[in-house]
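Peer 1: Chain residues, written in single-letter form:
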Amino acid sequence: MVDFDVVELPAADAPAVGDTAPDFTRPLVDDEYWENVALSELYADGPVLLVFHPMDGAFPATYIWNEIRDRGWQERLEVVGVSVSSPYEHKTFIPERGIDSRLYSDPDAGVAELYGIDHELDGMAGVREPRPAVFLLDTEGTIRYSWVASEWPDFPEYDEVEAAIADHA
Amino acid sequence: MSDPAITLYRLQACPYCERVVRVLQDNDIPYRSRFVEPMHADRNVVKRISGKRTVPAIVDENTGVTMSESANIVEYLEATYVDGVSA
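If you read the sequences in order, they're chains Y and P.
Residues 88 to 256, numbered by this note's numbering, are exactly what the first sequence covers, in order.
Residues 63 to 149, numbered by this note's numbering, are exactly what the second sequence covers, in order.
Quick caveat, the hints were computed from the structure, so don't treat them as lab data.
This one's a predicted model, so the numbers in the text were calculated from it and none came from an experiment.
Be careful, since some hints might not be right.
So, partial list: chain Y residues that the calculated Cβ filter (under 7 Å) puts toward chain P [as the list claims (entries may be wrong)]:
#1 119
#2 121
#3 122
#4 245
Residues of chain Y placed beyond 10 Å of chain P at every Cβ, according to the derived structure [to be verified]:
#5 106
#6 113
#7 129
#8 157
#9 174
#10 184
#11 188
#12 230
Derived CB-CB ranges, DEER-like [as the list claims (entries may be wrong)]:
#13 240/Y / 141/P: 54 to 64 Å
#14 64/P / 161/Y: 21 to 31 Å
#15 195/Y / 65/P: 43 to 53 Å
#16 64/P / 242/Y: 31 to 41 Å
Even glycine gets a Cβ: it sits at the ideal position worked out from N, Cα and C.
The shape of chain P in the complex, shown without the other chains:
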């Protein structure tokens, strides 16, 4: 089994994370979830990958892109995987 290219750093019950999940699922984009610490100050793993401690954050090995902020992520996913372009 090969790992999905997209890793989503998320927090349980975070609506901004669910928004990203919905876009991934609606478009059958493979991803894996990594659930992180509710305490913002303790999310060092997210800080290491994205430079910030906010979630959601994604790492896409297909494109080398790492990004935060759900609106940006949704826009990126739709532009990269949905708008007629196959990955």
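The following block holds chain Y by itself, in its conformation from the complex:
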């Protein structure tokens, strides 16, 4: 192993467990089309795992979806992603990586900002995106579990998320 430095991220201002998840509407993309869907429409039908991840081409996006697929979370509840990638990118990313989830497209990082987790990317002028984060919502939209990256790169605490799904979904 080589040593490498992780970057400490400043404190996030994300909603906490017990808060209602801020509602938003963005294009929700599957492998065939996209349409505007409100987050509240999704959790009205059942618990939702909301997964913020880096833009689609970045390796953490692929790693996160691979892990979620391997753990079979999509068979247990609705898992949706959010990244700043365009609907066109999502539409090719989904089949290329075998993702069994729909992905929200948030190109201006407005949803990331709403959740207090947006950050400017070093070396990509003018580009903001969410830091990796996971929110588990019940059918009222109440946050029952959350994880927000505190350093970069960083990956969700998958075992913790899984325990939370077992408890709440």
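Position chain P relative to chain Y; hints supplied.
Peer 2: Positioned in the frame of chain Y, the structure of chain P alone reads:
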């Protein structure tokens, strides 16, 4: 929030789709948009609902009508929702 009865399958920047959108908007007809693949051969969702891969295509749950071709759609919308008949 209830879903609008009309679903419009459209392609970004397609003038025939915009023509349908204009009629929907000018007459305050509620609809939702589903944006599909630019590559004609890959528009399987449109083929499943309408039998063809062309856009625009609409599905109207009020009437059970599914149709393609912007001229037909405009004519249908005006006859169903505009010409003095309320839905």
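Peer 1: Are the hints correct? Go through all of them and say.
Peer 2: Checked hints:
Annotation: interface hint on residue 119/Y holds; nearest CB of chain P at approximately 4 Å, less than 7 Å. Interface restraint check: residue 121/Y against chain P, minimum CB-CB distance 5 Å, threshold 7 Å, status holds. The beta carbon of residue 122/Y is positioned within 7 Å of a beta carbon in chain P (closest approach about 5 Å), and the interface hint is therefore held. The beta carbon of residue 245/Y is not positioned within 7 Å of any beta carbon in chain P (closest approach about 33 Å), and the interface hint is therefore violated.
With a minimum CB-CB distance of about 22 Å to chain P, residue 106/Y clears the 10 Å threshold, and the non-interface call stands. Consistency note on residue 113/Y: stated as away from chain P, and its beta-carbon is indeed over 10 Å from all of that chain's, at 13 Å minimum. With a minimum CB-CB distance of about 12 Å to chain P, residue 129/Y clears the 10 Å threshold, and the non-interface call stands. With a least CB separation of 28 Å from chain P, residue 157/Y remains clear of the 10 Å interface cut-off, as annotated.
Distance check for residue 174/Y against chain P: the nearest CB is about 7 Å away, which does not clear 10 Å, and the non-interface claim fails. Distance check for residue 184/Y against chain P: the nearest CB is about 18 Å away, which clears 10 Å, and the non-interface claim stands. With a closest Cβ-Cβ approach of about 17 Å to chain P, residue 188/Y is found to remain outside the 10 Å limit, as its non-interface label requires. No Cβ of chain P approaches the Cβ of residue 230/Y within 10 Å, the least distance being about 21 Å, so the stated non-interface status holds.
In this structure the supplied range 54 to 64 Å holds for residue 240/Y paired with residue 141/P, their Cβ-Cβ distance being about 58 Å. Restraint check, residue 64/P to residue 161/Y: a C-beta distance of roughly 27 Å satisfies the suggested window 21 to 31 Å. One distance hint, 43 to 53 Å for the beta-carbon pair residue 195/Y and residue 65/P, is violated here, with the actual separation near 26 Å. For the pair residue 64/P and residue 242/Y, the supplied restraint of 31 to 41 Å holds, since their beta-carbon distance comes to about 39 Å.
In this structure, the earlier hints numbered 4, 9 and 15 are contradicted, and the remaining ones agree with it.
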